[in-house]
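Single-letter residue listing:
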Amino acid sequence: MQHFVIVGILVIVTTVLTYLGLDVAGLAKQQHPVAASAQSASIDQLWHWEMIVISFLFALIVVPMLYSLIAFRQKKGEMKDGEHMEGNTTLEIAWTVIPLFIVVIFSYLGGWSLGEVNRVDPQALVINVRGAQFAWTFEYPEYGIVSDELHLPVDRQVVLKMTSADVLHSFWVPEFRLKQDVVPGRITDYRVTPSLIGDYKVRCAELCGTSHAYMENAVIVSTQADYDAWIVEQTEIAKQLAQTPEGQGRILAVRNGCLGCHSLDGTPGTGPTWFNLFGKQENLNDGSTILVDEAYLAESILNPNAKIVAGFTSPSVMPAFVFTDEEIANIIAYIKTLK
Amino acid sequence: MKKFFTSALFKGLVWQVIGFFIGAGLVTGIRALMGLSTTDTFFFTEPAWVLGSFIGALSFLVGCGVTDDWIKWARGIDTHDNHEEHWHGWEKYVNVSFDHKVIGIQYTLISLALIAIGGTFALIFRAELAASQLQFLTTELQLFGQNGPQLYNTLMSLHGIVMIISILLGVSGIINYAVPLLIGAADMSFPRLNAFSYWIAVPAAVTLISSLFLGGFDTGWTGYPPLSARAPVGMQMFFMGVFVAGWSSILGALNVVVTVLRMRAKGMTAMKMPIFVWAGLATSIIAMTATQFIGLAFQLVMFQRLFGMGFFDPSKGGNPILFQHLFWFYSHPAVYVFILPGLGVISELLPVFVRKPLYGYRWIAMSSIGIALVGFVVWAHHMFTSGMNEYLRVPFMYSTLLVSVPTGVKFFSWVATMWKGKISTPTPMLFVLGAIIVFLMGGLSGPPHATVSTDLHLHDTYFVVGHFHDTIFGGFVFPFFAAIYYWFPKATGRRMNEFWGKVHFWLMTPSFFVLTFGMMYVGLLGMRRRIADYDPALGIDTAHLILTIGAFLIALSVLIFFINFFYSIKNGEKAEGNVWESRSPEWQVPSPMSLHNYPTPLEVVGEPYDYGLKDAPYIRFVKPAKAGKSKH
Numbered sequence: 167m168q169h170f171v172i173v174g175i176l177v178i179v180t181t182v183l184t185y186l187g188l189d190v191a192g193l194a195k196q197q198h199p200v201a202a203s204a205q206s207a208s209i210d211q212l213w214h215w216e217m218i219v220i221s222f223l224f225a226l227i228v229v230p231m232l233y234s235l236i237a238f239r240q241k242k243g244e245m246k247d248g249e250h251m252e253g254n255t256t257l258e259i260a261w262t263v264i265p266l267f268i269v270v271i272f273s274y275l276g277g278w279s280l281g282e283v284n285r286v287d288p289q290a291l292v293i294n295v296r297g298a299q300f301a302w303t304f305e306y307p308e309y310g311i312v313s314d315e316l317h318l319p320v321d322r323q324v325v326l327k328m329t330s331a332d333v334l335h336s337f338w339v340p341e342f343r344l345k346q347d348v349v350p351g352r353i354t355d356y357r358v359t360p361s362l363i364g365d366y367k368v369r370c371a372e373l374c375g376t377s378h379a380y381m382e383n384a385v386i387v388s389t390q391a392d393y394d395a396w397i398v399e400q401t402e403i404a405k406q407l408a409q410t411p412e413g414q415g416r417i418l419a420v421r422n423g424c425l426g427c428h429s430l431d432g433t434p435g436t437g438p439t440w441f442n443l444f445g446k447q448e449n450l451n452d453g454s455t456i457l458v459d460e461a462y463l464a465e466s467i468l469n470p471n472a473k474i475v476a477g478f479t480s481p482s483v484m485p486a487f488v489f490t491d492e493e494i495a496n497i498i499a500y501i502k503t504l505k
Numbered sequence: 016m017k018k019f020f021t022s023a024l025f026k027g028l029v030w031q032v033i034g035f036f037i038g039a040g041l042v043t044g045i046r047a048l049m050g051l052s053t054t055d056t057f058f059f060t061e062p063a064w065v066l067g068s069f070i071g072a073l074s075f076l077v078g079c080g081v082t083d084d085w086i087k088w089a090r091g092i093d094t095h096d097n098h099e100e101h102w103h104g105w106e107k108y109v110n111v112s113f114d115h116k117v118i119g120i121q122y123t124l125i126s127l128a129l130i131a132i133g134g135t136f137a138l139i140f141r142a143e144l145a146a147s148q149l150q151f152l153t154t155e156l157q158l159f160g161q162n163g164p165q166l167y168n169t170l171m172s173l174h175g176i177v178m179i180i181s182i183l184l185g186v187s188g189i190i191n192y193a194v195p196l197l198i199g200a201a202d203m204s205f206p207r208l209n210a211f212s213y214w215i216a217v218p219a220a221v222t223l224i225s226s227l228f229l230g231g232f233d234t235g236w237t238g239y240p241p242l243s244a245r246a247p248v249g250m251q252m253f254f255m256g257v258f259v260a261g262w263s264s265i266l267g268a269l270n271v272v273v274t275v276l277r278m279r280a281k282g283m284t285a286m287k288m289p290i291f292v293w294a295g296l297a298t299s300i301i302a303m304t305a306t307q308f309i310g311l312a313f314q315l316v317m318f319q320r321l322f323g324m325g326f327f328d329p330s331k332g333g334n335p336i337l338f339q340h341l342f343w344f345y346s347h348p349a350v351y352v353f354i355l356p357g358l359g360v361i362s363e364l365l366p367v368f369v370r371k372p373l374y375g376y377r378w379i380a381m382s383s384i385g386i387a388l389v390g391f392v393v394w395a396h397h398m399f400t401s402g403m404n405e406y407l408r409v410p411f412m413y414s415t416l417l418v419s420v421p422t423g424v425k426f427f428s429w430v431a432t433m434w435k436g437k438i439s440t441p442t443p444m445l446f447v448l449g450a451i452i453v454f455l456m457g458g459l460s461g462p463p464h465a466t467v468s469t470d471l472h473l474h475d476t477y478f479v480v481g482h483f484h485d486t487i488f489g490g491f492v493f494p495f496f497a498a499i500y501y502w503f504p505k506a507t508g509r510r511m512n513e514f515w516g517k518v519h520f521w522l523m524t525p526s527f528f529v530l531t532f533g534m535m536y537v538g539l540l541g542m543r544r545r546i547a548d549y550d551p552a553l554g555i556d557t558a559h560l561i562l563t564i565g566a567f568l569i570a571l572s573v574l575i576f577f578i579n580f581f582y583s584i585k586n587g588e589k590a591e592g593n594v595w596e597s598r599s600p601e602w603q604v605p606s607p608m609s610l611h612n613y614p615t616p617l618e619v620v621g622e623p624y625d626y627g628l629k630d631a632p633y634i635r636f637v638k639p640a641k642a643g644k645s646k647h
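The listed protein sequences derive, respectively, from chains A and B.
Basically my numbering = 1-based index in the first sequence + 166.
Basically my numbering = 1-based index in the second sequence + 15.
Since the hints were derived computationally from the structure, they do not count as laboratory data.
Below, a list of computed lysine-lysine pairs in the BS3-like style, where the Cα atoms sit at most 30 Å apart:
hint : chain 1 : residue 1 : chain 2 : residue 2
1    : A       : 242       : B       : 589
2    : B       : 17        : B       : 585
3    : B       : 589       : A       : 241
4    : B       : 629       : A       : 241
Using the sequences and the hints given, assemble the complete structure.
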């Protein structure tokens, strides 16, 4: 009897200590990092309940184990066997039924939390998202804006209509607590209500190839006023861009995710940088050099494997794009401006 | 050395190479006649590599001689029913043997070899992760047709699959060695099939690892299309390797099921079987019925690549998510294939070192079967974010949470077994205790993945990686080491060094806790799975450095184990008797066991775990049949 009392007290103490330990590490009351969406409230709440039960179950198994190891240790030279106990049906039924009861409770709570996360606002703002190796592009269909940054107003539900141009990707903003795969050939929804103003990043969470680690784009949550200002500014830029060939080229480059691999400022990426590209002598992987002119660029866009620049992957990881002659001319016009 | 060059292993490997060239040459010849290209980046074209590797694997089997008896039967030639051993010492293990004990050890050795290979891969990419940015797997690096990040992906993917194959073979190793001994049988039901199941794993492992040199594959061990439909030719070697290894699993499991059902000693009713036999049976039922699905899923991608079929290609009306269903329908039950035998080892060894009966034997036995059955209906919890039907996530949440009930029964019964025992802690027992605590960590970090909403954050992060390593180390690695330390004297007549065994344990266990807790922690903060580099802004550089140190300490402890293992075979302390004072039948006869196990048949007369009860033996040996009585 004395053993049971000691173990019982130790289990309670250990439960509390485990919970406090998790809390000090910042893990008991919420998943990490800072929560920035309305959906995270019910998720973090469920997580908190789970951490309480986990702290208790941890103590319930570990304490009697370690206690037995010390209290019922075989002394030196002792050759006796332990007490002959084969089992106890009541006890076995108890520790089958009680966990079953906890499982039912958490099934209910899990369903509740998922329901909260999926709550639909019919007024939600719709934004189209396109994932492609190795960048995200965002299209605001109402305004004709295409951007490589996702701007969202705070406290308003948005639904992202997502699809992929090539392989599986997964849209994950850790601060939003939500993740949804992006699948070629279908549209998946990502519903979120940002609740905290700040700069975050969407990080691709489904292995998508060589530069998977770098498939990250900015997500900016701002006040409704700042968001509106950004929309006005972008609409204006989109209008101006549409009037020149190089502007249209830029729109195409953003919309097709080119800038995920080709940097504009000379930083090395998965593909050659576009900075100072036009007119330069490029070394190819077969040892030859070539002058970067219109013909070379057009060929490389339509058939990325025709010529591979030295130091880059062969065969190329770039998808073969289909563009009209005019579109290609526009893209080349844009590349020419990058000096 | 000459003995090695005439061994079945070497002959098999030579024939695998010859078979490969025959297959590859055939395809290349046909392509030449059809006017198609005959060479590619890695000399042969992809179809040539695929058929070549397939014929290579078959040639290995014929070349090593494991099919000799069957071929003779087909030609109408009789063979000896009673196979004799021709080999001595290490030669036994590189030649074809039909003795289940030799095959069990062969499985264990190849499993250890693959653990070393898969572990080395992990150390390489773990070193790369020690700090953000790319340090040595840079884009400038070119090796085996891959640049640094691609090589990272290949190593990461191979670490996963090599370890999984190693675990499957390790599981077969313990089961093959122990089950016939525990049930008092002379061998497995089908000794030739048993040898076949082992030998087919060798060319499978070779094929699998060859993918590293053929451009690798960058999909992780899950091989999801469309990415796997675009990866280099190494992808096909991965598919082929797993496909062939699957046969080993299916046929081996079939053999175990038949052996357990048909070959138990007289009087060994279901509820008097040693508990490990229950675990072996449960695991074999899964392996025998589910492995086909991963083979099928991989075969479909192989065909999509070779023949342009559009199973998973949306532009041809295919569905990439279908693959995930097929894949996880095996691959989730597969994790129970990995852990059930380990949990069986815990239940089997615990009473021996606690000197007390196994608490609630029937409940533990039934919980293994329960886990195996529920394990078949939880697969889609790997797909909560995949884009499958949203409402389906709820029933899969329920079924997944349900697994915790039979698992809980095991934990409670283990704790009750230890209560009021007389506990001693030699090395095997230390690993059993470590297994329970580590598996508890794995079990407790599971439910947040099961409840859908919390999983939306955790899915595909390092939190999952930490959880998974906890379940597999607790459910397989720790029990595997416990089983090796425990049955080593039975197999060799010597025991492994106790001091270095304890060093192994005390070095590995804390390092492992640091590793997996750290993984879960960085995962919550935003560290995604399977990335070669991470954003320094996440502030997890220091954590990753600590993880890398932990990983290298684990590797060091396993190195100590390897040295201890191979040194003790010849030089360990002699231990031919019942070293652990066990009641189990195999310990009632001297070690090592003779060819057909027990000199006289045995009969079950009591309960397996009646420690603490006087004059209640589990088995007794039946006196030899009187002369004149016919054998059959």
